[in-house]
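Enquirer: If you read the protein sequences in the order shown, they are chains A, B and C. According to our numbering, the first sequence is numbered sequentially starting from 1. According to our numbering, the second sequence is numbered sequentially starting from 1. According to our numbering, the third sequence is numbered sequentially starting from 1.
The set of hints was computed from the structure by calculation and includes no laboratory data. Do not rely on the hints blindly, as some may be mistaken.
Said to hold, decoys possible - Taking lysine to aspartate or glutamate and the EDC-like style, the derived pairs with C-alpha atoms no more than 20 Å apart in a straight line are:
{"hint": "1", "chain 1": "A", "residue 1": "K75", "chain 2": "A", "residue 2": "D56"}
{"hint": "2", "chain 1": "A", "residue 1": "K266", "chain 2": "C", "residue 2": "D208"}
{"hint": "3", "chain 1": "A", "residue 1": "K266", "chain 2": "C", "residue 2": "D223"}
{"hint": "4", "chain 1": "C", "residue 1": "K102", "chain 2": "B", "residue 2": "E257"}
{"hint": "5", "chain 1": "A", "residue 1": "K196", "chain 2": "C", "residue 2": "E281"}
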Amino acid sequence: MLEINGLKTEVVTEQGNVTLIDDINLNLAAGEVMGLVGESGSGKSVTGLSIMGLLDKPVQVTGGQILFKGRDLRKLSQKELRSIRGNRIAMIFQDPMSTLNPVLRIDTQMMEAVRTHESVSKQAAWERARDALGMVGIPSPEERLSAYPHQFSGGMRQRVAIAIALLMSPDLIIADEPTTALDVTIQAQILSIVQKLAREKGMALIWVTHDLSVVAGLAEKLSVMYAGRIVEQGSTADLLRRPLHPYTNGLIASLPAHNERGSRLKQISGTTPSVANMPKGCAFRPRCSSATEICFDPPALEAVEGRLLRCFHPVMEGAPS
Amino acid sequence: MQTVMNSTKFRAGLQFIRQFSRSPLAVLGLVLITLIVLMAVFAPYLSPQNPYDLMQLDIMDGRMAPGTGSSAGFTFLFGSDDQGRDMLSAILYGLRISLIVGLGSAALAFIIGTAFGLTAAYVGGRVENAMMRLVDLQLSFPTILAALLILALLGKSIGNVVFAIVLVEWATYARTARGAALTELRREYVEAARSLRLPHRNILFRQLLPNCLSPLVVLLTMQVARAITLEATLSFLGLGVPVTEPSLGLLISSGYEFMLSGTYWIALFPGIALLVTIFAINLVGDRLRQLLDPKAARR
Amino acid sequence: MSNRLEVRNVSKRFSRMSGVVERGAELMGLKAPNPVVRALDDVSLTVAEGEVVGIVGESGCGKSTLGRVVAGLLQASEGSVLFRGKQLDEMPGKSADEARLKVQMIFQDPSSSLNPRQRVREIIGAAPLHHGMTTARELDDYVSQQMQRSGLDPSMAGRFPHQFSGGQRQRIGIARALAVQPDMLICDESVAALDVSIQAQILNLFLDLREQLDLTYLFISHDLSVVEHISDRVMVMYLGRVVEEAAVGELFSHPNHPYTRALLQERPSLDPVQRRFSAIEGEIASPLSPPSGCHFHPRCPMAMERCRVERSELRLIGPGHKSACHLND
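Generate coordinates for the entire structure from the input sequences, incorporating the hints supplied.
Expert: Below, the structure is given as structure tokens:
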């Protein structure tokens, strides 16, 4: 369904280019859910936006392939891209109001979304909108259709945004931290809906998040990003049980749930590097306890024990429970 | 350490200048303002004649067209008025009065209005309500009418004109300052300062004021232009500055009666000077608003 | 042993003040009075010296309001706040101020809690200088000490907040609070805005400071794992009321209230087993119009008729374990 090879996105300026993400490789089959995990500045959101072709000017995709059902999205014209975007690939954002227009009624927005991509009658579009709202668990969708976005709570607004993404039954949905701003119980509701829909409809889903525990129960595959590169990629179960990259390992080990109550947490020292100031070689080197001389060379993404890993010194033992 | 610090601040300054100068019109405005201010400051050295010194005036030189020679030997570049006063000299000296009144009143109104608005927002509750009703009352009064009334009561003088303009303009600053302060008050650093029991003086002037300054500076530039216009209007109507210290507005006014008799230059050249000054200030003000006001669309 | 902090039956109501015209319209019956939000509804709480009490709840539960009432940033509408057994509003102004200074707050958003136009030196140093804890001559040393203790490089005292990363900014906020020598910190979602790897660093700093300075904490968070890790005792709030309170081990192993149980169940975990998210139904009601009776009844799988009409009082159900649920009767 989706195959990404060596994707590179940069800020292009006259003074030279600043790399945001580099050497991104992803593979996603129909119905598969992939968690794309990273901290702020890791490039996880840029990756999502690059796939969607939603980057704004100085930022550009400068290398690699984005194969969607065998066609390279980078080679398509603006017009062809528009017909795929919102139709075959949809995106859900952290703030649902970035999808919703505050001054239009929900039905107007949803029907318009349907009719841009398909010439159907107003009646058919309305029915499709109603069904989509029902699918995401909004009670009495007929009535709610004529409401304005501000009449919904935060959780309900996010459901509407998901419903809009679902309108055209896309093959791929990219969700960028859609539950981060929501409360725990509401987050669980959204996760349950999305999980159900992905299974039933065979949609592929990329779930971008900073929180490993959100995708732990949702995604089959995980990609962990650090400083613009994928550092570890594999099945969720493997990765969480036995993280090989010192960064993944450190992240998991630092979670309070993996430490004795009240004890000092196992922390990763230091801070994430900024794009303008990347360390030489492996970007994690300055924060890594097992770094050696060799880490001043950039490590490549290689297959290790059934997964992809970008590290010279994989964690061999002492993996968290 | 100190140098590193200064260099980051220096770089931020450079960055701002670079952004500012991306608009050629704004740069033009800035150049014009600089020239105008320099001309006003050095008026005694630039003008061929002291227009206030009656001894230097010759009634025989009255209403000379631009380009004619004077009896004292220099040329009336912009012509002369009915008293035989060189218009160029009169404009340069008039510019001084206009700028002093404009800058002085805008600065005073800025200080009073900002302090008022910040205090209102900080105190809150009924006091704030009462203070802001006063501002509304002030703003609902027609500016010129209010200024005319004040001057009619107090009489003509530069000081009184400044006072009148401050009295009608401070409310605009008060409203802007309150608006900005209300946004800032919601930010947690103000709560932190309160919880640290810092004195009100510190919270008002060290915490709030520096963060509310951007929209106020933009307003200040715009209001300087407004104050100059207002002064010119008042003087034109005969209630502004005294005849002994003519501003641009008063020059236009005195030229007005000769307008139809063909002696156009007495009113025209002061008018152009006024127009260019206002235009230049507004160009700079517009650009500042683009850069500083978060609500203005970013280019 | 006296309690460091006691909150007695505190309620806090918010309503927008009506203007003159609005008030007239209300009097003539043309307009309904402005709605009142009951952000806190009869909340009591004690914190012993040196204890860490965690407060958990979702948005609108009143946990931040409670923190601000304790910190003196908001006035309680009813009830009283006592520091070491003394009621603050009965103390003379000066000593009430000193008592308040001993309670400092660490905020959620490290970027908005620091004044962007001030250098770190002034952010940290202004308050201790004003309160006479240091002199202008010794200020630089004093600020350096505070920065060091919070894990910051003192040579960066001349920088502005935007030149620091999120975690460092939070450390500046901590150094600022510690600079006035408090013995109690109120942490309002203090690690929520931080990256996971930075969260652990800041939590460790809180733990270290507790040991070094004998600090008492009120730790407010929506994140159960964080609260579980750092707290001795936990209080769960829902729509302005306390629904359950117990020692941390007891609460997490034997949750009593259905809401607490739901929260624990929905807690995201690292268990990689494909799990079904069995979502609790319904939305959090608006604090403007909370449901009658027990606020949680519309979402509660075990709600009875009684829950709809009768408010459930918080009562002791075991040693140190309180819960507000009709099912316990």
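Enquirer: Are K266 (chain A) and D223 (chain C) close enough, with their CA atoms no more than 20 Å apart?
Expert: holds, 18 Å
Enquirer: Compare the distance between the alpha carbons of K75 (chain A) and D56 (chain A) with 20 Å, and conclude whether the hinted pair is satisfied.
Expert: holds, 18 Å
Enquirer: Given the proposed pairing of K266 (chain A) with D208 (chain C), does the C-alpha separation stay at or below 20 Å?
Expert: holds, 13 Å
Enquirer: Check whether the Cα positions of K102 (chain C) and E257 (chain B) lie no farther apart than 20 Å.
Expert: violated, 75 Å
Enquirer: Hint check: K196 (chain A) vs E281 (chain C), CA-CA at most 20 Å. Holds or violated?
Expert: holds, 16 Å
The structure shown violates just one earlier hint, number 4.
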